[in-house]
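Could you slot chain B onto chain A? The hints should help.
2 protein chains.
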Amino acid sequence: MNSTSLATGQRSLGAPSIEFPLFPPLTRGCPKTSTDEIAYPLEVVYDYARVDRRLFDQEPGTDIARWSPLLPPLHVPTLGEGGTPLVEFDGIYLKDESRNPTWSHKDRLNRVTVSAAVAAGAPGVVVASSGNHGASAAAYAARAGLRAIVLTSAGSPPAVQAFARAYGARVVSVPVEARWPLLREVVDRLGYHPVSNQTVTHTGHPFGPEGYKTIAYEMFLQLGRVPAAVFAPTGYAELLYGVWKGFTELRLLGLADATPRMFSCETAAGGPHARAIATGAPAAVVELGHSDAYGIAGPVGGHRGVLAVRDSGGEAVLVTDDEMRQAQRDLARQGMWQELSGAAGLAGYRRLRRDFDGPVVCIATSSGFKDMGVGTETFPLLENPTLEDLI
Amino acid sequence: MNSTSLATGQRSLGAPSIEFPLFPPLTRGCPKTSTDEIAYPLEVVYDYARVDRRLFDQEPGTDIARWSPLLPPLHVPTLGEGGTPLVEFDGIYLKDESRNPTWSHKDRLNRVTVSAAVAAGAPGVVVASSGNHGASAAAYAARAGLRAIVLTSAGSPPAVQAFARAYGARVVSVPVEARWPLLREVVDRLGYHPVSNQTVTHTGHPFGPEGYKTIAYEMFLQLGRVPAAVFAPTGYAELLYGVWKGFTELRLLGLADATPRMFSCETAAGGPHARAIATGAPAAVVELGHSDAYGIAGPVGGHRGVLAVRDSGGEAVLVTDDEMRQAQRDLARQGMWQELSGAAGLAGYRRLRRDFDGPVVCIATSSGFKDMGVGTETFPLLENPTLEDLI
Numbered sequence: 001m002n003s004t005s006l007a008t009g010q011r012s013l014g015a016p017s018i019e020f021p022l023f024p025p026l027t028r029g030c031p032k033t034s035t036d037e038i039a040y041p042l043e044v045v046y047d048y049a050r051v052d053r054r055l056f057d058q059e060p061g062t063d064i065a066r067w068s069p070l071l072p073p074l075h076v077p078t079l080g081e082g083g084t085p086l087v088e089f090d091g092i093y094l095k096d097e098s099r100n101p102t103w104s105h106k107d108r109l110n111r112v113t114v115s116a117a118v119a120a121g122a123p124g125v126v127v128a129s130s131g132n133h134g135a136s137a138a139a140y141a142a143r144a145g146l147r148a149i150v151l152t153s154a155g156s157p158p159a160v161q162a163f164a165r166a167y168g169a170r171v172v173s174v175p176v177e178a179r180w181p182l183l184r185e186v187v188d189r190l191g192y193h194p195v196s197n198q199t200v201t202h203t204g205h206p207f208g209p210e211g212y213k214t215i216a217y218e219m220f221l222q223l224g225r226v227p228a229a230v231f232a233p234t235g236y237a238e239l240l241y242g243v244w245k246g247f248t249e250l251r252l253l254g255l256a257d258a259t260p261r262m263f264s265c266e267t268a269a270g271g272p273h274a275r276a277i278a279t280g281a282p283a284a285v286v287e288l289g290h291s292d293a294y295g296i297a298g299p300v301g302g303h304r305g306v307l308a309v310r311d312s313g314g315e316a317v318l319v320t321d322d323e324m325r326q327a328q329r330d331l332a333r334q335g336m337w338q339e340l341s342g343a344a345g346l347a348g349y350r351r352l353r354r355d356f357d358g359p360v361v362c363i364a365t366s367s368g369f370k371d372m373g374v375g376t377e378t379f380p381l382l383e384n385p386t387l388e389d390l391i
Numbered sequence: 001m002n003s004t005s006l007a008t009g010q011r012s013l014g015a016p017s018i019e020f021p022l023f024p025p026l027t028r029g030c031p032k033t034s035t036d037e038i039a040y041p042l043e044v045v046y047d048y049a050r051v052d053r054r055l056f057d058q059e060p061g062t063d064i065a066r067w068s069p070l071l072p073p074l075h076v077p078t079l080g081e082g083g084t085p086l087v088e089f090d091g092i093y094l095k096d097e098s099r100n101p102t103w104s105h106k107d108r109l110n111r112v113t114v115s116a117a118v119a120a121g122a123p124g125v126v127v128a129s130s131g132n133h134g135a136s137a138a139a140y141a142a143r144a145g146l147r148a149i150v151l152t153s154a155g156s157p158p159a160v161q162a163f164a165r166a167y168g169a170r171v172v173s174v175p176v177e178a179r180w181p182l183l184r185e186v187v188d189r190l191g192y193h194p195v196s197n198q199t200v201t202h203t204g205h206p207f208g209p210e211g212y213k214t215i216a217y218e219m220f221l222q223l224g225r226v227p228a229a230v231f232a233p234t235g236y237a238e239l240l241y242g243v244w245k246g247f248t249e250l251r252l253l254g255l256a257d258a259t260p261r262m263f264s265c266e267t268a269a270g271g272p273h274a275r276a277i278a279t280g281a282p283a284a285v286v287e288l289g290h291s292d293a294y295g296i297a298g299p300v301g302g303h304r305g306v307l308a309v310r311d312s313g314g315e316a317v318l319v320t321d322d323e324m325r326q327a328q329r330d331l332a333r334q335g336m337w338q339e340l341s342g343a344a345g346l347a348g349y350r351r352l353r354r355d356f357d358g359p360v361v362c363i364a365t366s367s368g369f370k371d372m373g374v375g376t377e378t379f380p381l382l383e384n385p386t387l388e389d390l391i
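Protein chains in written order, with this note's numbering: chain A, 1 to 391; chain B, 1 to 391.
Hints listed in this document are in silico derivations from the structure and should not be mistaken for laboratory results. Note that the coordinates shown come from a computational prediction; the quantities given were computed from them, not determined experimentally. Positions of the beta carbon are idealized from the N, C-alpha and C atoms, including for glycine. Treat each hint with caution, since some may be false.
Just so you have them, the derived chain B footprint on chain A, three or more residues with Cβ under 8 Å [said to hold, decoys possible]: (1) 56–66; (2) 81–87; (3) 136–145; (4) 171–183; (5) 332–344.
Under 8 Å between C-beta atoms, here's a sample of chain A residues computed to sit facing chain B [as the list claims (entries may be wrong)]: (6) 47; (7) 154; (8) 381.
Extracted from the complex, chain A is given alone in its bound form (with noise of 0.2 Å):
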């Protein structure tokens, strides 16, 4: 199934009443509703009405494009994104979004945006991000044949920057503070498609939590039911954002019956989405502190984390470095090697302490390999080994 997407245009969700066509994708948030403190992001609309259920007869497999009505035109070939399995643990369930092309969730995020950089005629991509993001948007350019600038800070492992490198993305390390004022002239001067944020508070390419969607449709077919709660390692909420839309419209289609309480997991080093919700704000930026997790942690929050949690009935749940850790280890004690931040919903799930009516799915984002330090340790050779040394 690969039929032609259903997509009619772009909603405010700032005012749910405010509509703008699908293209162009409004990357700077919505412009009628966003103000100096808070920028309100789009998402994208359906002719519902139009949908074949049918749609969910399918295998919840590899390629997005099966989810095809329920997306955004897709015009970049799959790499196989998606179709990740559900794997038991400890009477739970962990959603191993490792699997994917470039070993994280952002693949199924990337096919969507990059798709929409083809639509848009742009000579290229551009992103800030240190890690995953970068990476996986780089992989999709590479496979749409359009350029990619990634605009990295000094404090990613080198092992990630090579990644975003070997596809053949111009990669540069830049301050911090750098970073958003060149993405902007990226944008403006070069006509490059930007596929990160460039708001006040978190907004994003409109169509990227899209992407997300498919997350909830393959849990749904794997688990023959929608899950009682889902824990998801939380950055900037795209992906809490996208899962949740997902469950609703298997609601609104009438697949389903209920939808998930959806638990942000972030860093305690920031948490802008535990912030905005327990001071009633519809978005927040904060301090940083320190922490390991470079995937999830930043100080600015956006307003789809807040939705997404406030209108399932979930909670943000903030997980300090040594509970992510204390994850981390115990699920690769099960076989399963996540980077400190691919372990935030499992502690996240932990430090809550809650029994829930149902399933439990902790979304684990990414591998092992592009956590920092891994590579770093050397270890001796051992000259004269016996059994002993072994035990």
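Showing chain B alone in chain A's frame:
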């Protein structure tokens, strides 16, 4: 579908009339046909008459337990191995095995071999490996609640050593010549189950290639037919033989009326199967020069690779590091970042320059994160970046 194994015994590849019971797995090769110079492996025999062909009506998704009737008994819970995508590339297909639980094809083998360790009641598994095999065995041992000892050599990248350690294995770096004697001691004195080779020419675990058969089943369902040719990165040729065996089973079961030609793609620095085929030997051991493709560079070949190439009408192809690097680079420039040895299949296809009457599949075995040197290069921060620096 996760029904009972129809495996009935082990058969010698030295003389097909010689059979043994299914247990214990003969991990030191065929005791009747092996000589001081050549060790013959065993393979698993099934009651094919009892195979319900509806087995192949299912989707080629994750968890190889879906093929249980045609596998030895599985006792380790799945990590979601298999179900990898077939990605179009330049008129051919790449089977992207970097999408397995530990990001290489080895997971298919280790689900099966570690299950044998559980069946044997062993307290742990032991493996001599500098790369993917050791980490994958460690992951499945962890999943099974068994201990794991990984004997590695100083040559493997630090990130890959960290990888196996993450799963809780005891990883010890020992001189190359100490690996096999130590492994034998761990087996004999500690009762650990060996999941790597112990013989003069390669025999390995008799159950191992059975896991790789599932790649053939998936390709068949993904293409809707058998391919005309399969190119596989080849070290010990367990992968090559397993995939070949899967295709012969599809023909035996009346599901396919042809089998592909199988191409062993070996490093030109060694190439024991190319040597054996050229000289008419059942297996060979060669001098090994230098290659960065450490995943497939070894002096020791086995009889399985000779059988797969010969019986399929294929060839052994030697590829240089430069040819693999070019293939690796070209794959990455289409969004697929492979380990150097993982690109050997594509390099072999290109070196052969032959037209085939049907689809060609190159197996791509592993993620680029595991390559030599990844993460050793640091990239300077650009203090005052301008647009010109980005182009």
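Next item on the list: Test coverage of the region 136–145 of chain A by chain B using CB-CB distances below 8 Å; three residues minimum.
Entry: As far as the region 136–145 of chain A goes, the hint holds, because 4 residues have Cβ atoms under 8 Å from chain B.
Notebook entry, point to check: At a Cβ distance under 8 Å, does chain B reach at least three residues of the region 81–87 of chain A?
Noted result: Held - the region 81–87 of chain A has 5 residues with a Cβ nearer than 8 Å to chain B, which meets the minimum of three.
Check: Can the hint on residue 47(A) be confirmed by a CB-to-CB distance to chain B that is less than 8 Å?
Finding: Since the shortest Cβ distance to chain B is 29 Å, the answer is violated.
Next item on the list: Closer than 8 Å between Cβ atoms is the bar; does residue 381(A) clear it against chain B? Give me holds or violated.
Entry: Residue 381(A) check passes; min Cβ-Cβ to chain B is 5 Å, inside 8 Å.
Check: Are there at least three residues in the region 56–66 of chain A whose beta carbon sits under 8 Å from a beta carbon of chain B?
Finding: Our answer is that it holds, as 5 residues pass the Cβ test (under 8 Å) against chain B, meeting three.
Check: Count the residues of the region 332–344 of chain A with a beta-carbon closer than 8 Å to any beta-carbon of chain B: does the count reach three?
Finding: Three-residue rule met by the region 332–344 of chain A, so holds; n is 6.
Note to self: So, as I understand it, the hint says residue 154(A) touches chain B; can you test that by seeing if any CB pair is closer than 8 Å?
What the structure shows: holds, 5 Å
Next item on the list: Please count how many residues of the region 171–183 of chain A have a CB within 8 Å of a CB from chain B and say whether that reaches 3.
Entry: Answer holds; 7 residues pass the 8 Å Cβ test.
Going down the numbered hints, you'll see the structure goes against just number 6.
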